[in-house]
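Novice: Read top to bottom, the protein sequences are chains A and B. Read the first sequence against my numbering and you will find it ends at 452, with the numbers running on by one and no gaps. Read the second sequence against my numbering and you will find it ends at 452, with the numbers running on by one and no gaps.
Some hints here could point you the wrong way.
If chains are identical, the list can't say which one is meant, so a pair holds when it fits in one copy or spans any two.
[Said to hold, decoys possible] Calculated cross-link-like contacts (lysine-lysine; reagent style DSS-like; alpha-carbon spacing at most 30 Å):
#1 282 / 439
#2 45 / 84
#3 84 / 56
#4 365 / 104
#5 84 / 47
#6 76 / 440
#7 365 / 439
#8 56 / 76
#9 45 / 76
#10 365 / 282
#11 282 / 440
#12 440 / 365
#13 76 / 439
#14 84 / 440
#15 282 / 301
#16 439 / 84
#17 313 / 282
#18 63 / 84
None of these hints come from the bench; they were simulated from the model. As the structure is a computational prediction, the values presented were derived from the model and not from experiment.
One letter stands for each residue in the lines below.
Number of protein chains: 2
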Amino acid sequence: MASTQTSLSPVDIARTAALASRTLKAVSGGDRNAALTAVHDALEKSKSVILEANQKDMEAAQKLVEAGKMRESLAKRLFLSQSKWEGMLEGILEVRDLEDPVGKVTLATRLDDGLDLYRLTCPIGVLLVIFEARPEVIANITALALKSGNAVILKGGRESTNSFAAIARVVSEALATTTIPPGAVQLVETREDVSALLDQDQYIDLVIPRGGNELVRHIKENTKIPVMGHADGLCAIYVHHDADESKAVKVVLDSKTDYPAACNAVETLLVHESTAATVLPKIASALLEAGVSLRCDSLSKAALQSSTLDAAKKVILQDSTEEDYNTEFLELTLAVKVVSGLDEAVLHINAYSSGHTDAILTESKEDAESFMNRVDSAGVYWNASTRFADGFRYGFGTEVGISTNKIHARGPVGLEGLTIHKYQLRGHGQAASDYGAGKKSYLHQTIENVEI
Amino acid sequence: MASTQTSLSPVDIARTAALASRTLKAVSGGDRNAALTAVHDALEKSKSVILEANQKDMEAAQKLVEAGKMRESLAKRLFLSQSKWEGMLEGILEVRDLEDPVGKVTLATRLDDGLDLYRLTCPIGVLLVIFEARPEVIANITALALKSGNAVILKGGRESTNSFAAIARVVSEALATTTIPPGAVQLVETREDVSALLDQDQYIDLVIPRGGNELVRHIKENTKIPVMGHADGLCAIYVHHDADESKAVKVVLDSKTDYPAACNAVETLLVHESTAATVLPKIASALLEAGVSLRCDSLSKAALQSSTLDAAKKVILQDSTEEDYNTEFLELTLAVKVVSGLDEAVLHINAYSSGHTDAILTESKEDAESFMNRVDSAGVYWNASTRFADGFRYGFGTEVGISTNKIHARGPVGLEGLTIHKYQLRGHGQAASDYGAGKKSYLHQTIENVEI
Numbered sequence: 001m002a003s004t005q006t007s008l009s010p011v012d013i014a015r016t017a018a019l020a021s022r023t024l025k026a027v028s029g030g031d032r033n034a035a036l037t038a039v040h041d042a043l044e045k046s047k048s049v050i051l052e053a054n055q056k057d058m059e060a061a062q063k064l065v066e067a068g069k070m071r072e073s074l075a076k077r078l079f080l081s082q083s084k085w086e087g088m089l090e091g092i093l094e095v096r097d098l099e100d101p102v103g104k105v106t107l108a109t110r111l112d113d114g115l116d117l118y119r120l121t122c123p124i125g126v127l128l129v130i131f132e133a134r135p136e137v138i139a140n141i142t143a144l145a146l147k148s149g150n151a152v153i154l155k156g157g158r159e160s161t162n163s164f165a166a167i168a169r170v171v172s173e174a175l176a177t178t179t180i181p182p183g184a185v186q187l188v189e190t191r192e193d194v195s196a197l198l199d200q201d202q203y204i205d206l207v208i209p210r211g212g213n214e215l216v217r218h219i220k221e222n223t224k225i226p227v228m229g230h231a232d233g234l235c236a237i238y239v240h241h242d243a244d245e246s247k248a249v250k251v252v253l254d255s256k257t258d259y260p261a262a263c264n265a266v267e268t269l270l271v272h273e274s275t276a277a278t279v280l281p282k283i284a285s286a287l288l289e290a291g292v293s294l295r296c297d298s299l300s301k302a303a304l305q306s307s308t309l310d311a312a313k314k315v316i317l318q319d320s321t322e323e324d325y326n327t328e329f330l331e332l333t334l335a336v337k338v339v340s341g342l343d344e345a346v347l348h349i350n351a352y353s354s355g356h357t358d359a360i361l362t363e364s365k366e367d368a369e370s371f372m373n374r375v376d377s378a379g380v381y382w383n384a385s386t387r388f389a390d391g392f393r394y395g396f397g398t399e400v401g402i403s404t405n406k407i408h409a410r411g412p413v414g415l416e417g418l419t420i421h422k423y424q425l426r427g428h429g430q431a432a433s434d435y436g437a438g439k440k441s442y443l444h445q446t447i448e449n450v451e452i
Numbered sequence: 001m002a003s004t005q006t007s008l009s010p011v012d013i014a015r016t017a018a019l020a021s022r023t024l025k026a027v028s029g030g031d032r033n034a035a036l037t038a039v040h041d042a043l044e045k046s047k048s049v050i051l052e053a054n055q056k057d058m059e060a061a062q063k064l065v066e067a068g069k070m071r072e073s074l075a076k077r078l079f080l081s082q083s084k085w086e087g088m089l090e091g092i093l094e095v096r097d098l099e100d101p102v103g104k105v106t107l108a109t110r111l112d113d114g115l116d117l118y119r120l121t122c123p124i125g126v127l128l129v130i131f132e133a134r135p136e137v138i139a140n141i142t143a144l145a146l147k148s149g150n151a152v153i154l155k156g157g158r159e160s161t162n163s164f165a166a167i168a169r170v171v172s173e174a175l176a177t178t179t180i181p182p183g184a185v186q187l188v189e190t191r192e193d194v195s196a197l198l199d200q201d202q203y204i205d206l207v208i209p210r211g212g213n214e215l216v217r218h219i220k221e222n223t224k225i226p227v228m229g230h231a232d233g234l235c236a237i238y239v240h241h242d243a244d245e246s247k248a249v250k251v252v253l254d255s256k257t258d259y260p261a262a263c264n265a266v267e268t269l270l271v272h273e274s275t276a277a278t279v280l281p282k283i284a285s286a287l288l289e290a291g292v293s294l295r296c297d298s299l300s301k302a303a304l305q306s307s308t309l310d311a312a313k314k315v316i317l318q319d320s321t322e323e324d325y326n327t328e329f330l331e332l333t334l335a336v337k338v339v340s341g342l343d344e345a346v347l348h349i350n351a352y353s354s355g356h357t358d359a360i361l362t363e364s365k366e367d368a369e370s371f372m373n374r375v376d377s378a379g380v381y382w383n384a385s386t387r388f389a390d391g392f393r394y395g396f397g398t399e400v401g402i403s404t405n406k407i408h409a410r411g412p413v414g415l416e417g418l419t420i421h422k423y424q425l426r427g428h429g430q431a432a433s434d435y436g437a438g439k440k441s442y443l444h445q446t447i448e449n450v451e452i
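So here's chain A without its partners, still in its complex pose (with noise of 0.2 Å):
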């Protein structure tokens, strides 16, 4: 892994990933995996370096965070704790097993006798990922990009600018030892250098940014280069007329809960009117147990104020404003408001949601698949926690982030996302002459057994 301490100018970095991303895509699947097993075993024998470096971010971190310039979450997410430092060994040799994504055969047709036409999965090519301060990040989105065939360009938060360079140094020396070109793996550390690399369009053929809202924004604004992600994570649920009360109480609460800072986790909670002084009173008064603030429009708070809802939970419920609707909370609140049946609650949610993951709560199945067919987001869930949208829960394996994109990957991304196809024609010599109005036709025939 080569870093900006070889004086690599951007654009030189961008040309350098670009030529080992030619050679990498010829590098065999075993050629790959024996790459991740090399970076695996280099990593387990250079803790003590990495731990050290990382020893050296954690003092600076912790004089900033005296200082009230940095957040204690944030420091605490830049600590290499022996759990996490073991997660980030398992997860290499993890991603190593999966199926090679690789030269998969996605389509196979015969044109004609002795023409055949083959779609293979391939690499993308150059990947650009900006991550924030966890430095276990850096050896996940390694493994990835390499099992994938795809050169990356890695830029981590300033941080964890000494673990990332310890990891770096490391993983560079091991894949020295293996069939990968050097150049497949290679660091920047100044924002400079990432403004330059968004203008790499030539070079570079996706970004992935993996943060917060605005990191991601910001990259969208500044690239002509796809971007592959989501900003916002505005999930909502929606309970239905004849949502089951235990389900009801159960799925919010979790989506709430269970990690409030994540993108899946729920932000907004339609009901219907006719539950408003039924079902919500139970979800709300779970809720408030949990310590979850519910800002709620005039009639669901009305409702819950001449609900049997305990008095001390009534006075502790707040108005909500427009802006709530808007709001990825990350945190234990929830925006609540009451909506007149199924396309009411659709229609806001095809306004408000940021098209991630949404929710609706019913025992109607018709009325659960015109939900699932008319929002318009990745997820579209019937009786389940928005919180299973993810890649492992999805049986995936890995995970490369959640996609709100429109086209290529949508959704959690697997090593799926970071491929895309070529076409193959085998042929001997036809001409496409030869085919047409009185000539020889095309059979179009699908090919049963592949072999190639």
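Start from chain A and add chain B according to the hints.
Specialist: Relative to chain A, chain B alone:
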């Protein structure tokens, strides 16, 4: 179909399309097909009105041709001949009769008993399609958009304004009798409208330019919306040392002369140094007889000059410049270059090719595989003409265009390229916090018989 005559601003047009798209996403395949039938029948009934409008465009074009302000080839493309008219109408029914690209289950995983995950294809949303003069294209794009459940904003070349407006009016009236929402198909008429639409990334999901390099480049440089298509079609063929002579002559001749103005015509011929004096003269002779100008590097020219090629043909050989290897001629001109072997050919192609379609002519499976692996283009061919790069020839039934993008769709794009997916999760009130260490485990079983 609304047109700017209804005086909507570009922002309103985009917003209208986005709203229509939401409704259209829930319209059944049967209803979408019925709409295509209605459009077909209405156009058939309005033939005389539309051909009269086309006559107006032709008269205006004729004056411009006479004044030397329009090429005659462009005027020809404007003309809605009887065969084009019939092809246009048949095309609508052909698209209608293709398999519904929407609602296909592309992944089905049982996360746990009673917790089933499905990935279904769905429309992208709103397309902005910008095309040039040919009036029949508007019907084709309308059919593709409706079949795939997408709303579309159309901008055709101004030379066909009367034809487009007449067709648009008929389509609009036909759709008003169906379940397709008004606003699903809109026509804009000015370049200023397009410029403003390219800013509407909150409403428009994909831009598809169907036209020449300049149009595509201009659009890519002026929008943050993803653009699907290709600028150049700079295709190359490499003749390996063991290429079969008759295959080589046939494939190169077809690739260059079958339709020289097409994006999949060959523009660069690379020949192994050992074939420069053997196979190259045969290829050159056939090409020169077909009227192709050969722009040769010094090695290929020297080899041809000392070959048995007719003296009359030797005289018309031209010298190539570096620029010729970067040029999409789109006419009967071919750049020729001698390379030392497979490695140099791959290097040349990856450096100069536009990533559209490139071919190797060889009898060696091993070398063909190496070429197809290492050349980073949408199409990599072995012993077949580059002219096969086409959605119809690939068996897709229709073609939106050919993409050289590295994400979403690459190569000839059919209806599949106009869809994305969403994830449906169908549960019974499960919480994500039910699962994990010491709790329930995920099954992650493939669901074999999907019934939803």
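Novice: When no copy is named, should residue 282 and residue 301 be tagged within, between, both, or neither for a Cα gap of at most 30 Å?
Specialist: This pair counts as within: shortest intra-copy Cα distance 14 Å, inter-copy 86 Å.
Novice: Using 30 Å as the alpha-carbon threshold, which applies to residue 45 and residue 84: within, between, both, or neither?
Specialist: So residue 45 and residue 84 pass the 30 Å test inside one copy only (16 Å; across, 70 Å).
Novice: Should residue 282 paired with residue 439 be assigned to within, between, both, or neither, using CA atoms and 30 Å as the limit?
Specialist: Only across copies: residue 282 and residue 439 sit 25 Å apart there, 73 Å inside one copy, limit 30 Å.
Novice: Treating 30 Å as the Cα threshold, decide for residue 282 and residue 440: within, between, both or neither.
Specialist: between (71 Å within a copy, 26 Å between copies)
Novice: When no copy is specified for residue 84 and residue 56, does a C-alpha distance of 30 Å or less occur within a copy, between copies, both, or neither?
Specialist: Result: close within a single copy only, 17 Å intra versus 73 Å inter.
Novice: Is it within a copy, between copies, both, or neither that the alpha carbon of residue 63 lies no farther than 30 Å from that of residue 84?
Specialist: within (23 Å within a copy, 75 Å between copies)
Novice: My question is about residue 365 and residue 282: at a cut-off of 30 Å on alpha-carbon distance, are they close within one copy, between copies, both, or neither?
Specialist: within (23 Å within a copy, 69 Å between copies)
Novice: Can you tell me if residue 84 and residue 440 fall within 30 Å by alpha carbon in one copy, between copies, both or neither?
Specialist: For residue 84 and residue 440, only the inter-copy Cα distance (23 Å) is at most 30 Å; the intra-copy one is 62 Å.
Novice: For residue 440 vs residue 365, is the C-alpha pair at or below 30 Å within one copy, between two copies, both, or neither?
Specialist: between (50 Å within a copy, 26 Å between copies)
Novice: Quick one: residue 76 to residue 440, C-alpha cut-off 30 Å, is that within a copy, between copies, both, or neither?
Specialist: between (69 Å within a copy, 29 Å between copies)
Novice: At most 30 Å between alpha carbons: which applies to residue 45 and residue 76, within, between, both or neither?
Specialist: within (25 Å within a copy, 72 Å between copies)
Novice: Evaluate residue 439 and residue 84 at a C-alpha cut-off of 30 Å and name the case that applies: within, between, both or neither.
Specialist: Between copies, since 21 Å is at most 30 Å while 65 Å is not.
Of the numbered hints listed earlier, not one is contradicted by the structure.
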